[in-house]
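A.B. asks: What follows is each chain in one-letter form.
2 protein chains.
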Amino acid sequence: MIELNFSNMMEEVIGKNGLSERRIEGFRGRVEDAHEQIKDRRWPELAFIDLLSQDTSEIKNIARHIREETEDFLILGIGGSALGPRAILDALSPFHNLQKKPRVFIYENVDPRTLKQILSLIDLKKTSINVISKSGSTAETAASFMILWDEMKKILGNDAPKRFIATTDPEKGNLRKIVNEEGLKSLPVPPNVAGRYSVLSPVGLLPAEVIGIDSNELLRGARDIHEKCSEPELWKNPAYLFGTLLYLMDTEKKRKINVMIPYADSLKSLSEWFCQLWAESLGKLGVGLTPYPSVGTTDQHSQLQLWMEGPQDKVVIFIRVDDYGDDIKIPRIFKDMEGLNYLSGHTLSELIAAEEESTELALARAERPNMTITMPVINAYHIGQLFHFFELVTALTGFLYRVNPFNQPGVEEGKNLTYGMMGKKGYEAKRKEVEEAREKKICWRI
Amino acid sequence: MIELNFSNMMEEVIGKNGLSERRIEGFRGRVEDAHEQIKDRRWPELAFIDLLSQDTSEIKNIARHIREETEDFLILGIGGSALGPRAILDALSPFHNLQKKPRVFIYENVDPRTLKQILSLIDLKKTSINVISKSGSTAETAASFMILWDEMKKILGNDAPKRFIATTDPEKGNLRKIVNEEGLKSLPVPPNVAGRYSVLSPVGLLPAEVIGIDSNELLRGARDIHEKCSEPELWKNPAYLFGTLLYLMDTEKKRKINVMIPYADSLKSLSEWFCQLWAESLGKLGVGLTPYPSVGTTDQHSQLQLWMEGPQDKVVIFIRVDDYGDDIKIPRIFKDMEGLNYLSGHTLSELIAAEEESTELALARAERPNMTITMPVINAYHIGQLFHFFELVTALTGFLYRVNPFNQPGVEEGKNLTYGMMGKKGYEAKRKEVEEAREKKICWRI
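Chains as they are written, first to last, in this note's numbering: chain A, 1 to 446; chain S, 1001 to 1446.
Everything labelled a hint here was simulated from the structure, so no lab data went into it. Please read these numbers as outputs of a predicted model, since none were measured by experiment. A hint or two may mislead.
As the list claims (entries may be wrong) - The calculated DSBU-like cross-link candidates involving lysine-lysine, where the alpha carbons are at most 35 Å apart (straight line), are:
(1) A:101 x S:1153
(2) S:1016 x A:415
(3) S:1116 x A:60
(4) A:100 x S:1254
(5) S:1101 x A:254
(6) S:1016 x A:177
(7) S:1185 x A:335
(8) A:335 x S:1060
(9) S:1100 x A:162
(10) S:1335 x A:415
(11) S:1162 x S:1177
(12) A:329 x S:1415
(13) A:100 x S:1125
(14) S:1116 x A:100
(15) S:1100 x A:177
(16) A:253 x S:1440
(17) S:1254 x A:432
(18) A:440 x A:185
(19) A:425 x A:177
(20) A:253 x S:1254
(21) A:440 x S:1154
(22) S:1060 x S:1016
(23) A:126 x S:1329
(24) S:1254 x S:1236
(25) A:60 x A:177
(26) A:329 x S:1125
(27) A:125 x S:1440
(28) A:172 x A:153
(29) S:1177 x A:101
(30) A:172 x S:1335
(31) A:335 x S:1126
(32) A:162 x A:172
(33) S:1154 x S:1177
(34) S:1153 x A:329
(35) S:1254 x A:254
(36) A:126 x S:1101
(37) S:1254 x A:125
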């Protein structure tokens, strides 16, 4: 089970920049209120919790077909539809494409250079394509889907539709309509599950199964942490403590940046997945926390200087791994070199663990708050725990801020302007606004 | 030539959150002072400017040997020694390892799982190893170097040293000592060039040449932007404007987060390279700016909500690409679907450009400051410009903050604690401090 150590958030340990037990105790009422909202499912979007008991047999069926029939697996999706699958892929099958089949490509952006590269690397004849869009009309995903649909038709003719799997709303939207008309295989994103809370739906579980990960293990981990986090008592609930501490660090200590630093290369993408969840869910109505994606030890040589001596605006969240599964011993060579020989005889695991602990402590001694999640080992069970833990924490923290953690109204304006420029019907005025803005801008160019 | 458009930083365009021409004008004295410091090279660390006229023939020689003799190229380095090479690799040879030889692996962390994976993927008999450490005693790089040295000796015996290229201080340090004793090939990191300013030294140029990039093109680009940025007049100098604007946005508008969002997948690593440079150079003495690594359009579906409606603490810096080199047309299919058919007939380049422009404008209309660097095309010449431009800007901005942009005193404490835990001589007291801290922590664990 993952564990939370929050000693270095507390006044007792780090002094005036920390929080007092009394202050947290006094916040109990707010947390109980949020607890009620979750327990009673007062928001329909809390449906992400229902994913934990889903039946995965259809996902497994489709994945088996993909594994048997194709050599490459191309995912078209953006936002949660790309970040979730990538977090799973990188954590549970690092360097996948250099050693396993089917290779997995995720095309999320609309960068033409990337798509050209992918198309030159894969053989479409032997490729399955998973198009993931809950609404079915995400511009980026629609564009790449239309290109791939056309290409596959040219190559496979009437067999092309068999190679597509759509993960989308069970009833609504353009993509569902195409599923029905063309007879595509499909999997549902439950209507009330927002994109960034969808990693444990078929959005993440199908890619997991395709690369050979048992999706039931992800769900089992999620169920276990859910039980632990169903505890109403604040001091016994790691999710409620996590959210409360970060909320208070913002509102009372002006710390609005939350650095997420797992000490494992393979968890970098999970850190990026968390960043979407945290940023998009909480950042509205003028409030919000800025999550910062990071990886240790690497960023000790990039960002740590700023965290140690820069502005007092951050909380650092470590993810520590107890057992990396693999290990390598540093040999006893260069014996007369004092700058190197102290490393001899230690393992890389010992070194990375020592660096993580040292960085926690160095921050604490500089009175910089930080906390640590410990995971016993990087496997599907514990990755499932992390996913669900962070989703629960995000919903809760949204309730503490009194914002809706499930919407994203702030991205509409940009979308509408894009529609205008691309000539979508009804958006002619938006196009004009862009053109007017262009005129104005010329003066400040160098 | 890269260009800077800073209209959306100005009061005239975005209202009260913008800066006035008068305020910038009044700041002229400070910039002139910083200009003098750069022009007269008052800091020896401005030696990174001298890199632009270096002779690359030895780099080219060594790279040719590597290309001819080996199939895999393994880089051992961390911080600037990894971020610089990776920025070049990803920008100028995306998906390199799936299509070209020698494949390039960068082992920066001390994650045992990653090294096991790399060792299972490469054939050491056909591998060249570039160990990069200016000081020659960086713990992470030393650990991996010792492991690889031992492995290569086992496999190649006395021929092993021939496969190592050390990029390090020309005279000092353990690595230089090993070069001299074992007869390794080596390239210099000039003594006054700090790691994060070293991408245009052999640190970045050797990997560039190994993957077939002409290092002289990187340098030519850097020289051209250096000339443009040698202009003493603030309003004509894009580097001085860039630094001044971000400095004033912090000190007068409390915007301490600088988001770097290139609209190209292949520039994500360049954005991460910038983040080290900016964070480590400016974050000290309680001041500093937090750089945020991002990529468009992807992060419109992850971070944009927060930038649009969250706290007023950010400036967004776009990097726009005029010509992606490749392009793909979105076909005319699904004609009766209004949610999709507006895309038909456009190219991906048009869509990504429209999204970039729309996002700039949406932010500006929400009175959120942003500016845009435009690069004509992603090639070595323009990547060289970006590198040098950001290095110049960083030095200048450090002078504006009156901090030393070339040191990183804040990371020493963590290193010393690690030495203690690893049993390095002279650090016994540090080990004790860690042990004492452990005792204290137990109480806040859940």
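A.B. asks: Below or equal to 35 Å on CA atoms is what counts here, so check residue 440 (chain A) against residue 1154 (chain S).
C.D. replies: This hinted pair is violated, its Cα atoms lying about 67 Å apart.
A.B. asks: Between residue 172 (chain A) and residue 1335 (chain S), is the straight-line Cα distance small enough, at 35 Å or below?
C.D. replies: Holds, at about 18 Å.
A.B. asks: Check whether the Cα positions of residue 253 (chain A) and residue 1440 (chain S) lie no farther apart than 35 Å.
C.D. replies: 23 Å, holds
A.B. asks: Does residue 415 (chain A) sit within 35 Å of residue 1335 (chain S), going by the straight-line distance between their CA atoms?
C.D. replies: 21 Å, holds
A.B. asks: Does residue 1153 (chain S) sit within 35 Å of residue 101 (chain A), going by the straight-line distance between their CA atoms?
C.D. replies: Judged against 35 Å, a Cα distance of about 33 Å means the pair holds.
A.B. asks: For a C-alpha distance cap of 35 Å, please report whether residue 1016 (chain S) and residue 415 (chain A) respect it.
C.D. replies: Since the Cα atoms of residue 1016 (chain S) and residue 415 (chain A) sit roughly 25 Å apart, the hinted pair holds (cutoff 35 Å).
A.B. asks: If you draw a straight line from the CA of residue 1162 (chain S) to the CA of residue 1177 (chain S), is it 35 Å or shorter?
C.D. replies: Measuring from Cα to Cα gives roughly 16 Å; hence the hint holds.
A.B. asks: Hint check: residue 253 (chain A) vs residue 1254 (chain S), CA-CA at most 35 Å. Holds or violated?
C.D. replies: Roughly 16 Å separates the two Cα atoms, so the pair holds.
A.B. asks: Run the distance test for residue 425 (chain A) versus residue 177 (chain A): straight-line Cα separation, threshold 35 Å.
C.D. replies: Distance ~20 Å between residue 425 (chain A) and residue 177 (chain A) Cα, so the pair holds.
A.B. asks: For the pair supplied as a hint, residue 1116 (chain S) and residue 60 (chain A), confirm whether the alpha-carbon distance does not exceed 35 Å.
C.D. replies: It holds: about 30 Å lies between the C-alpha atoms, which stays within 35 Å.
A.B. asks: Taking 35 Å as the top limit, are the C-alpha atoms of residue 329 (chain A) and residue 1415 (chain S) close enough?
C.D. replies: Holds, at roughly 20 Å.
A.B. asks: Residue 1254 (chain S) and residue 432 (chain A): Cα distance at most 35 Å?
C.D. replies: 33 Å, holds
Checked against the numbered hints listed earlier, the structure breaks hints 4, 5, 6, 15, 18, 21, 22, 27, 29, 37; every other hint is satisfied.
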